[in-house]
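Novice: For the record, the sequence lines run as chains Y and L.
Mapping of the first sequence onto the working numbering: position 303 corresponds to residue 303, and the numbering continues sequentially without gaps.
Position in the second sequence counted from 1, then plus 313, gives you the working numbering.
Any given hint could turn out to be false.
[Stated by the list, open to error] Below are the EDC-like pairs computed for lysine to aspartate or glutamate, each with C-alpha atoms no more than 16 Å apart in a straight line:
(1) Lys247(Y) - Asp270(Y)
(2) Lys99(Y) - Asp134(Y)
(3) Lys403(L) - Asp134(Y)
(4) Lys99(Y) - Asp71(Y)
(5) Lys403(L) - Glu94(Y)
(6) Lys403(L) - Asp164(Y)
(7) Lys247(Y) - Glu283(Y)
(8) Lys99(Y) - Glu113(Y)
(9) Lys99(Y) - Glu115(Y)
Everything labelled a hint here was simulated from the structure, so no lab data went into it.
Being a predicted model, the structure only gives us computed values, none of them experimental.
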Amino acid sequence: MASETAPVVSAQRLTKRFGDRSAVAGLDLTVTRGICYGLLGPNGAGKTTTLRMIYGVTRPTSGSVHVFGLDIATHRRAVRARLGVTLQENVLVEALTCKENLEIFGRYHLLREPELSKRAEELIEFLSLGSHRDVPVRHLSGGFQRRLAIAMSLMNRPELLVLDEPTTGLDPAVRLALWSRVRELRTAGTTVLLTTHYMDEAERLCDRIGIVSDGRLIAEGSPRELIERTLARDTIEIDCRADEESKLLDGIPLPPHRLRAGGRLLLHMDDATALVERLRAREPGHHRLLVVRPTTLEDVFLALTGARLEGGQ
Amino acid sequence: MSVSIRHAAAVWRRNASMYARTWKWNILPNFFEPVFYLTAVGIGVGGYIEQMAGMSYVEFLAPGLVCVAAMNGASYEVTYNVFVRLNFEKAYDAMLTTPLDADDVLAGEVMWALTRSLIYGGCFYFIVALAGLAPLPGSLLALPALLLGGLLFAALGVTFALHVSTIDVFSFYFTLFLTPLFLFSDVFFPLDERLSPFWQNVAEILPLLHPVRLARAAFSGSYEWTTVLWDLGYILALSTLLLRIAARAARRRLTN
Chain Y
1 MASETAPVVS
11 AQRLTKRFGD
21 RSAVAGLDLT
31 VTRGICYGLL
41 GPNGAGKTTT
51 LRMIYGVTRP
61 TSGSVHVFGL
71 DIATHRRAVR
81 ARLGVTLQEN
91 VLVEALTCKE
101 NLEIFGRYHL
111 LREPELSKRA
121 EELIEFLSLG
131 SHRDVPVRHL
141 SGGFQRRLAI
151 AMSLMNRPEL
161 LVLDEPTTGL
171 DPAVRLALWS
181 RVRELRTAGT
191 TVLLTTHYMD
201 EAERLCDRIG
211 IVSDGRLIAE
221 GSPRELIERT
231 LARDTIEIDC
241 RADEESKLLD
251 GIPLPPHRLR
261 AGGRLLLHMD
271 DATALVERLR
281 AREPGHHRLL
291 VVRPTTLEDV
301 FLALTGARLE
311 GGQ
Chain L
314 MSVSIRHAAA
324 VWRRNASMYA
334 RTWKWNILPN
344 FFEPVFYLTA
354 VGIGVGGYIE
364 QMAGMSYVEF
374 LAPGLVCVAA
384 MNGASYEVTY
394 NVFVRLNFEK
404 AYDAMLTTPL
414 DADDVLAGEV
424 MWALTRSLIY
434 GGCFYFIVAL
444 AGLAPLPGSL
454 LALPALLLGG
464 LLFAALGVTF
474 ALHVSTIDVF
484 SFYFTLFLTP
494 LFLFSDVFFP
504 LDERLSPFWQ
514 NVAEILPLLH
524 PVRLARAAFS
534 GSYEWTTVLW
544 DLGYILALST
554 LLLRIAARAA
564 RRRLTN
C-alpha cells in the first residue's frame with residue numbers, strides 16, 4: 001500500500017497568514033514512519049499552527065499537507081481517525097471521572113462497548129491512572145490531568161501521536177514517567193510528532209528535530225547532527241563582562257561560533273583543551289569562572305533563534 | 314461538509330453523561346416551577362378572571378407555559394453552555410482532533426438542546442396533566458410541538474452564541490428577547506382578542522407564538538389547518554435558515 005512507504009507527515013511549502021501576519025511561511029516538513037520528531041521553536045514561531053494544519057483544522061493559505069499519504073484537505077475524517085492529538089491545554093470534563101472522560105473520547109472515534117471500556121482500562125493501566133480511575137477529574141493534580149489528556153488521545157490506537165508541549169508545567173518525576181511512555185509507544189511503532197520548549201526533552205526523546213523560527217524550518221537533523229553541524233562538540237562558558245572581553249581574548253585565535261548571554265561568553269569548538277590552557281595562562285591566579293562542557297541542543301537553539309550571534313553564521 | 318449522525322450522537326452523549334451525573338438535582342426545579350406558575354397566576358390571578366378565550370384562565374395558561382418551559386430548556390443549553398464549551402473549556406477544539414467536524418459538533422449540541430427542551434417541557438406537561446388540565450390523549454400531540462419549539466429556540470440561541478464574543482450579552486438575549494416573547498406570545502392572553510388585525514399580522518413574526526399555538530390546538534383538540542400549516546412552516550423554515558447560518562459560524566469559529 002502506498003501509505004506504508006509514504007512518510008507519515010509530508011508538508012510542502014506550507015504557509016498560513018492571519019491578516020498581515022504570517023504564522024507559517026513556507027515550511028517543509030517530512031516525518032517518516034516510526035520516529036519521534038520534535039518541533040522546537042520560540043513562542044509564536046508557528047509550531048501550533050503547523051500542527052493544526054497537519055490534523056486539518058487550520059487550512060493552509062498555500063502549500064499542501066499529506067498525512068498517511070492522504071491529502072488532509074480532502075480526507076480530514078479518515079486522517080483524524082488514525083491520529084491522536086494532545087493539545088497544549090488539557091481539555092477534560094471536570095465533573096466526570098478518568099474512565100468517563102476516556103469513554104467520551106472513545107465515542108468520538110465511534111468505539112462501542114465492549115471495546116470502549118476495554119481500551120479505557122488499558123490506558124488507565126498504561127498511564128498509571130488506576131488509583132484515580134473513578135475520581136472526578138477536577139480533584140486530580142496537574143500531572144494526573146496531563147496523563148489523562150494523553151491517554152484520551154490514544155483511545156483510537158493512533159498511528160501518529162501529536163503532542164503539543166506534552167510536559168510543560170509538570171514536575172520532573174512526571175516528566176520522566178511521560179517520556180518513558182512516549183518511548184514505549186515509539187518502540188511499539190507509533191510515530192510521534194511533538195513540540196516542546198525543553199531542549200532536554202527534545203534531546204532525549206527525539207530521533208529528529210526541526211527548529212522553527214518565524215514560520216520556517218531553519219535547521220533539521222538528529223540532535224547530534226544539529227550540534228555538530230551548527231556549532232561544535234565542546235562549549236566553554238566564561239564569566240566575562242563585555243568590556244573585559246577584548247582584553248581577555250586579545251591575540252587568541254577564536255572559534256567562529258561565539259555567543260554573549262549577559263555577563264557570560266560562550267565559545268563553541270570541537271576541542272576546547274588548547275584554548276582553555278591559553279585563557280588560564282593569560283590570567284594566572286585569577287579565578288575567573290570558566291566551564292568546559294559538551295555543547296547541547298540548547299546552545300544550538302539559542303544560536304539559531306535567539307541571542308545575538310557573533311561570527312559564524 | 315455534511316453531518317455524520319453517529320459522530321453528532323457522540324457529542325450528544327458527552328452532554329448526556331454530564332447531565333446524568335446531576336440529573337436528580339437538575340430535574341427537581343422543573344417540577345416545582347409549573348406548580349408555582351399554575352397556582353400563583355393560573356389560580357391566584359385566574360380567580361379574578363371568569364374565563365379567557367372560552368375556558369378557565371388556568372386552562373388557557375397551561376399549554377403556553379409548557380412551551381415556555383421547552384423554550385427555556387433549549388435556550389440555556391445553547392447559550393451559556395455552548396459559549397463556555399467554545400470559549401473557556403475549549404471542548405470543541407479537542408473534538409476536532411478526532412473525526413468530528415464542526416457540523417457534527419453543532420448537530421450534537423442542537424440534539425442535546427432538543428433533549429433538554431423535552432425534559433423541561435415534558436416535566437411541565439406532566440404536572441399540568443396531573444392537575445387535570447391536559448385532556449388525554451389529544452394533548453399528547455403537544456409533545457411534538459414542544460420539540461419543534463425546542464428546535465426553533467435551539468437554532469436561535471446557538472446562532473446568537475456563535476456570533477457573540479462575551480458572555481455578558483446573554484443577559485440581553487434573555488431579558489430583551491426571550492422575556493418579551495414570554496409575555497407577548499399568546500401565553501397570558503389571546504393576541505387575536507387584544508390586537509387590531511394589522512398588529513396581529515405583525516405579531517406573526519414572534520417565534521414563540523407558533524409552538525404555543527400548536528400546543529394550544531393539541532390541548533383544545535380544535536385545529537385550524539391553515540394556521541397549523543403556517544405555524545409548522547414558520548418553525549421549520551426559520552430553524553433551517555438559522556441552522557445554516559449557525560453552521561457557517563461554527564466552521565468559522567472552530568476552524569480557520
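Novice: Can the restraint linking lysine 247(Y) and glutamate 283(Y) be considered satisfied, given a maximum Cα separation of 16 Å?
Specialist: Cα-Cα ~11 Å, so holds.
Novice: Straight-line Cα separation of lysine 403(L) and aspartate 164(Y) no greater than 16 Å?
Specialist: Distance of about 15 Å is within 16 Å: holds.
Novice: Does lysine 99(Y) pair with glutamate 115(Y) here, judged by a C-alpha cut-off of 16 Å?
Specialist: holds (13 Å)
Novice: With the threshold set at 16 Å, check whether the alpha-carbon distance from lysine 99(Y) to aspartate 71(Y) stays at or below it.
Specialist: Not satisfied, since the Cα-Cα distance of roughly 34 Å exceeds 16 Å.
Novice: Is the hinted pair lysine 99(Y) and aspartate 134(Y) satisfied, with a Cα-Cα distance of at most 16 Å?
Specialist: Holds, at about 6 Å.
Novice: Hinted pair, alpha-carbon criterion (16 Å max): lysine 403(L), aspartate 134(Y). Please report holds or violated.
Specialist: violated (23 Å)
Novice: With a cut-off of 16 Å on the C-alpha distance, tell me whether lysine 247(Y) and aspartate 270(Y) pass.
Specialist: violated (24 Å)
Novice: Keeping to a limit of 16 Å between CA atoms, is the pair of lysine 403(L) and glutamate 94(Y) held or broken?
Specialist: holds (13 Å)
Novice: Take a quick look at whether lysine 99(Y) and glutamate 113(Y) sit within 16 Å of each other, Cα to Cα.
Specialist: Cα-Cα ~13 Å, so holds.
In summary, the structure is inconsistent with hints 1, 3 and 4 from the numbered list given earlier, while agreeing with the others.
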